[in-house]
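A.B. asks: Residue numbers (this note's numbering), protein chains in the order written: chain A, 1 to 263; chain B, 1001 to 1235.
The hints are simulated quantities; they were obtained by calculation from the structure and are not laboratory data. The structure presented is a predicted model; accordingly, all values stated were derived computationally and were not measured. For every residue, glycine included, the Cβ atom is placed at its ideal position computed from N, Cα and C. Take the hints with a grain of salt, since some may be wrong.
[Unchecked claim] Restraint ranges, calculated between C-beta atoms of paired labels, are given here:
1. 1120(B) to 123(A): 24 to 34 Å
2. 29(A) to 1193(B): 49 to 59 Å
3. 1216(B) to 205(A): 39 to 49 Å
4. 83(A) to 1196(B): 52 to 62 Å
5. 29(A) to 1018(B): 22 to 32 Å
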Amino acid sequence: MTADIDDVAPLLTVQGLSKLYGARIGCAEISFDLWPGEVLAIVGESGSGKTTLLNCLSTRLSPSSGTVSYRMRDGAFRNVYDLSEAERRLLMRTDWGFVHQNPADGLRMTVSAGANVGERLMAVGERHYGDIRGKATDWLGRVEIAADRIDDQPRAFSGGMRQRLQIARNLVTHPRLVFMDEPTGGLDVSVQARLLDLLCGLVDELGLSAIVVTHDLAVARLISHRMMVMKDGHVIEHGLTDRVLDDPRAPYTQLLVSSILQV
Amino acid sequence: MSTPLIVSDVAKTFTMHLQGGVLLPVVRRVSFKLQAGECAVLGGPSGAGKSSILKMLYGNYAVDEGSMVIRHKGIAVDIAAASPRTVLAVRRETIGYVSQFLRVVPRVSALDVVAEPLISRGSDVHEARERASTLLARLNLPERLWSLPPATFSGGEQQRVNIARGFITDHPVLLLDEPTASLDARNREVVIGMIAEKKRAGAALLGIFHDADVRDAVADRIIDVTAFSPEREAA
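Whole structure, please, built from the sequences with the hints as guidance.
C.D. replies: If you want it as structure tokens, here you go:
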């Protein structure tokens, strides 16, 4: 009876993923599956290995051992580290997205907002200028950036707007999996709430799978279905987000949950 | 009558690692069944473990021992041992929960908060909003509030949003954690009526009601939670 109730294949299967920095552990022996439409939060304090793990999953950093198998659009599972460089780049530009904590890392700050979104479309072969501009305008609207800002550079945008632009840039190609590194970090609380609401809506609407690194448990509660808690490079607890937060089992998770400030 | 939920020999103990590993037994040997079309009420004083039982059934608390078997789309699923993904599927289709407090994304309107469970099951957005409006109107939530996020609402208003959200779907099992605690008499009557309708529609309800009037009006039977008290073990 513990079997899953349907037979949909996972989108991502991670087995024994480890990253060592010399003798120091970045992350160790991480294994999990991610299903279509599922949002997984990775939480833990600074230095716990969550960003190392995210980077290893998204091929931005080579793991020391382990496999990351991704179900390609043709249904076949491929170890992303066995892909050719060209295949991997295509995957990153089309089927995957990566939202950085600092929008400047994910945007080109000296080209227009429209071009930032359009660039991803051109990477998947769109050539018609009018179509690209139309889709870019549509996506700016969906992330609540006024159409008359399409020719402005992100340098002229506030932090919250930049982050929304980065999200539009990532989602315009309809990726199936999006990695996010502290997507609401560094933003004012009111801006955070707006971004969170937007993200939750888009994840639902597009049926996205996402892996979100955050140290903010309130953000994790609202956005994620499942949660992994990391400490010293190891996953010390994982489960349904509500369960991990309402009934934390590991001593460190109990400390983490009890440290949340109530407002 | 069919039995959509069977709880057998469930035990739950909290281990408080921050307090030197103190063990806090909550309940043990919890066993009961829930029939379709009935409303059973968990009875007993505060701290007896009533809320804990509901939270285990909804997957918010882990279960240490025993099983909680729910019939989900014709398949028996043990919530106590189910994967997170299975628990989410069971929540979407089979088991609903009206909690005491509302936890929602900050900017979403009351109407969309209520419509969301239907939309996430694939219903048409307009139909879902239509049903949400009907429920909010029935619960006397002023229409000018519908388009506003519930965060700034009064306790009673938030609770009505919460009730509407819990009642909008036709989940075969519905858990109610003091749904009427901060309602006035008029709205308590509305909720009593809604519970009666759910029963007639064949849902199985399990609730906690501290208000004796409401409890007497809705309960088909009381499940005495003190019978599951861990202290009795020693006696």
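A.B. asks: Confirm or reject each hint.
C.D. replies: Taking the hints in turn, this is what the structure says about them:
1. A hinted range of 24 to 34 Å for the beta carbons of residue 1120(B) and residue 123(A) is consistent with their spacing of about 32 Å.
2. For the hinted restraint 49 to 59 Å between residue 29(A) and residue 1193(B), the CB-CB distance of approximately 55 Å keeps it satisfied.
3. Separation of residue 1216(B) from residue 205(A) is about 45 Å and conforms to the stated range, judged on CB atoms against 39 to 49 Å.
4. One distance hint, 52 to 62 Å for the beta-carbon pair residue 83(A) and residue 1196(B), holds here, with the actual separation near 60 Å.
5. At roughly 27 Å, the beta-carbon separation of residue 29(A) and residue 1018(B) lies within the given 22 to 32 Å, and the hint holds.
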